[in-house]
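Peer 1: Take the sequences, apply the hints, and build the full model.
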Amino acid sequence: MGFACVYIADFLVQAVVRGQRALGDGALALLGGAPPLWSVVAANPAAFEAGIQLGMTKAQVAQFGKVQICMRSEAQEKAAHAALLDAAWSVSPRVEDTALDTVVLDLEGLTVLFGADESIARELARRVATIGLVARVAVATNIEVAIHAARGFPGITIIPAGEERQRLGVLPVGVLTTEVETLELLERWGVETLQALAALPALQLSERLGQEGVRLSELARGVRQRSLVLAQTSSAFVEEMELDDAVEELEPLSFLLGRLLDQLCARLEARALAMRAVRIRFELQPSFEKDFQTLKEDLRTKPGVKQYEKVLTLPVPMRNSKTLLKLLRLQLQSDPPSAPIQKIYMTADSAGPRVAQNGLFVPCGPDPEKLEVTIARLAKLVEEGNLGSAELVDSHRPESFRMSRFVVASEQNKRRGKSEPRVKENSDAPATVTALRVMRPPQAVRVEMNDEQPAKVYLRGMRGQVVAASGPWRSSGDWWQEDGWHQDEWDLEIEFVPVGAQHRCAPSRQNHNSPDSQKFECASGTIRIGNEKDGPRRGLYRIYYDALQQSWFLRGVYD
Amino acid sequence: MAASSLATLRSKIEADLRGRVVSPFAYRDRNTFELVSTGIPEMDALVGGLPRGAMTEICGAACSGRTSLLLSALASRTAAGEVCALVDARDSFDPLTGNAAGIALEKLLWVRCQNIDQALRAMDLLIQAGGFGMVAVDLSDVPTKTVRQVPLNAWFRFRRAVEDTPTIVLLLEQEPHAKTCASLVVRLEAGEARWTEASERSNCYPFAKLLRGFSVRSNLVRSRVQVPEQQVIDIRGTAIFGCAPTRSADREMFETETVWRSR
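So the sequence lines, in the order shown, correspond to chains B and P.
At the far end of the first sequence sits residue 559, using the working numbering, and the numbering has no gaps.
At the far end of the second sequence sits residue 263, using the working numbering, and the numbering has no gaps.
One should not assume that every hint holds.
To be verified - Derived CB-CB ranges, DEER-like:
#1 B:Glu249 with P:Glu14: 29 to 39 Å
#2 B:Gln357 with P:Gln128: 46 to 56 Å
#3 B:Ser404 with P:Asn115: 21 to 31 Å
#4 P:Arg212 with B:Ala547: 20 to 30 Å
#5 P:Arg157 with B:Val112: 51 to 61 Å
#6 P:Val221 with B:Asp451: 51 to 61 Å
#7 P:Arg222 with B:Arg446: 49 to 59 Å
#8 P:Ser23 with B:Val362: 27 to 37 Å
#9 B:Met71 with P:Glu14: 35 to 45 Å
#10 P:Pro41 with B:Glu249: 51 to 61 Å
#11 P:Ser23 with B:Gln357: 28 to 38 Å
Since the hints were made in silico from the structure, they are not lab data.
Computed from a predicted model, the values in this text were never measured in an experiment.
Glycine included, every Cβ here is placed at the ideal spot set by N, Cα and C.
Peer 2: See below:
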């Protein structure tokens, strides 16, 4: 039809209840003002029924046993208002940010998407309910009529064109203005409803009230026209919560984080967006365990509140609050805050939702959300640096690779807008590559040289006779830096026997698996290299001479 | 009358189990698996391929070719576009060799553990996560005594977790420990090493030769894998589906090739 207005009655109360669902539907009074002169600034209908009045002091409210008392939270009001705008933007791109508790939408062209005006109003109310607020919605051809109808009538109101004056007539004049002087004057005249106000002649009204009188008259008759002032869309998604009592343990903190994540996800869903990263910031309670002098020093050097920050970067955009909560919990478990938390800020970096459609012939991979949780659990188990996909570095330095974050390749390509690359089949590639098992860190060995070539290798109580060798393969680099290297590598076929044992040659390399075989333990593993029963055994090893350290090391075993 | 009451009972049970058990009265042969290539033709001829949804144990001593077989299998799976995971119990995987073997490293999740406890926990998490084409667990350097202490019910749990999934669980050990939980057990033994001959001109440097590789003897220790009878042609050409049960012998030999260009 024209315009829809969404109005949140008792906005201050609803904003607090949205952040603390436990407050529920009971009587609730909000206190505001400068301490210690706190007074009631808002209350819900149940509290008013119980006898609460605006302006009561905290002590007076405390006498009402059934009324819960909360402090007004500007942060939660701000977040609730942002959420209200997000819900409005999810229906129409043309939205006016009228007031903290009111938004107006242009409904032009929405009939094709949502149907009749009533359907649009119901959809709006449903979407506002998903962000934790109860809305009044009014649809009219006039912006001001829609606003006053939403403020005056509960639920959903549809005002057809031409019926504005009649429908608005029953509303009290209080919906038009909050100026006390004007309201008192109208009351003295006996004007209580908009119908009575609209019946007054406009000329005489302007003589007594000036331009304000003309404005009120037009509003009461539903004929005042104005344009929509469009609000700019914002990509900032911030939720914050101030706690009455500081939280120390992870379990209660999880409930709070879960609630904030639910709110953020609902807002993102309303805007058809997903999360690319979550930033959490905690304001920590000052520690009183330190002695007075240290505390004074801390306060002198760091005057601000102690804070804890964490960024959870996601490999794929997500909107599942349960998965996000699991990931946050795992992060907090591995790196917990050092003090109890008294304030929580949570910010979401938004991105377009991920594409879930795979190619017809692409094998199914792990679910990205589940994989991320698994990776987080694995990172907790083996530490973050020991997990991921290996990425080769363009260097001749031995062991030149770095660990990078593991992301399912198809997701990477989708984000870059590429199709799945075809695996190049190399017909020249050998069927089976001789694999090298690397010793980390390299094991020190003693080598006896004979005619510039290794002849014997001693390794943790074992003596090895070199049967065949290949080398030296010299490599060096980064000599201009502190971590330069200069190595001579040898590939050796070594026949090991225990030191002191009678040496006897074996005709070929044999396999011996009995538990009695000799082995040596080392930091990175156990290598079985000999057997007392069956005699010596041969193995293929890569050793190197480090010219900088002037020592021999075992790099790995060919397996 | 009796037949109709049986049918009623059957439909009632099926209705009760709907969503939890798929066709509860259908006979399912637990030993029929989809087999995929190991990447080594000789091994495929010996074992028919690696079974999906089952555990395979590759055992052998050091230098017996276990890691070479592992790299081939991983290269084969990642080339088919599957995401794989390698649980490295003693952090001994060499990415350079892996790359040379043809593994798409960006499709391989490498978990570098420090002990067997971490490795088994990581294995459990990865199997539970699902979606991996292969989860390889390298326990080669873990002492046999330590692996033997893993309780049998842990292996049973892993087998149960991987059942009815498309994941291949590949265990590399010195000795087989999973007992009946492993559907396929292969033992590898090292053969002769092959070196290039030193040229006459390099008399002054008799060691100027190259390691070409070594041969590996593989023995099929145990296999509960039945290849399905029907011939199914995989359009990607990666699966074997009933075309490889030519187990002419329980012993095969393959050779490794050393690659000197690393990247």
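Peer 1: Now look at each hint and say whether the structure bears it out.
Peer 2: Taking the hints in turn, this is what the structure says about them:
Checking the proposed 29 to 39 Å range against Glu249 (chain B) and Glu14 (chain P) shows it is violated: the Cβ atoms sit about 47 Å from each other. With their beta carbons about 26 Å apart, Gln357 (chain B) and Gln128 (chain P) fall outside the hinted range of 46 to 56 Å. Remark: the range hint 21 to 31 Å for Ser404 (chain B) to Asn115 (chain P) is upheld by a beta-carbon distance near 24 Å. Between Arg212 (chain P) and Ala547 (chain B) the C-beta distance comes to about 28 Å, which sits within the given range of 20 to 30 Å.
Between Arg157 (chain P) and Val112 (chain B) the CB atoms are about 55 Å apart, so this pair conforms to the stated range of 51 to 61 Å. A C-beta distance of roughly 45 Å is found between Val221 (chain P) and Asp451 (chain B), which places it outside the suggested range of 51 to 61 Å. One distance hint, 49 to 59 Å for the beta-carbon pair Arg222 (chain P) and Arg446 (chain B), is violated here, with the actual separation near 42 Å. Under the hint 27 to 37 Å, the C-beta atoms of Ser23 (chain P) and Val362 (chain B), about 28 Å apart, fit the expected range.
A hinted range of 35 to 45 Å is violated for the C-beta pair Met71 (chain B) and Glu14 (chain P), which are about 58 Å apart. At roughly 59 Å, the beta-carbon separation of Pro41 (chain P) and Glu249 (chain B) lies within the given 51 to 61 Å, and the hint holds. Range check, Ser23 (chain P) to Gln357 (chain B): Cβ separation about 29 Å, and the 28 to 38 Å hint holds.
In summary, the numbered hints that this structure violates are 1, 2, 6, 7, 9.
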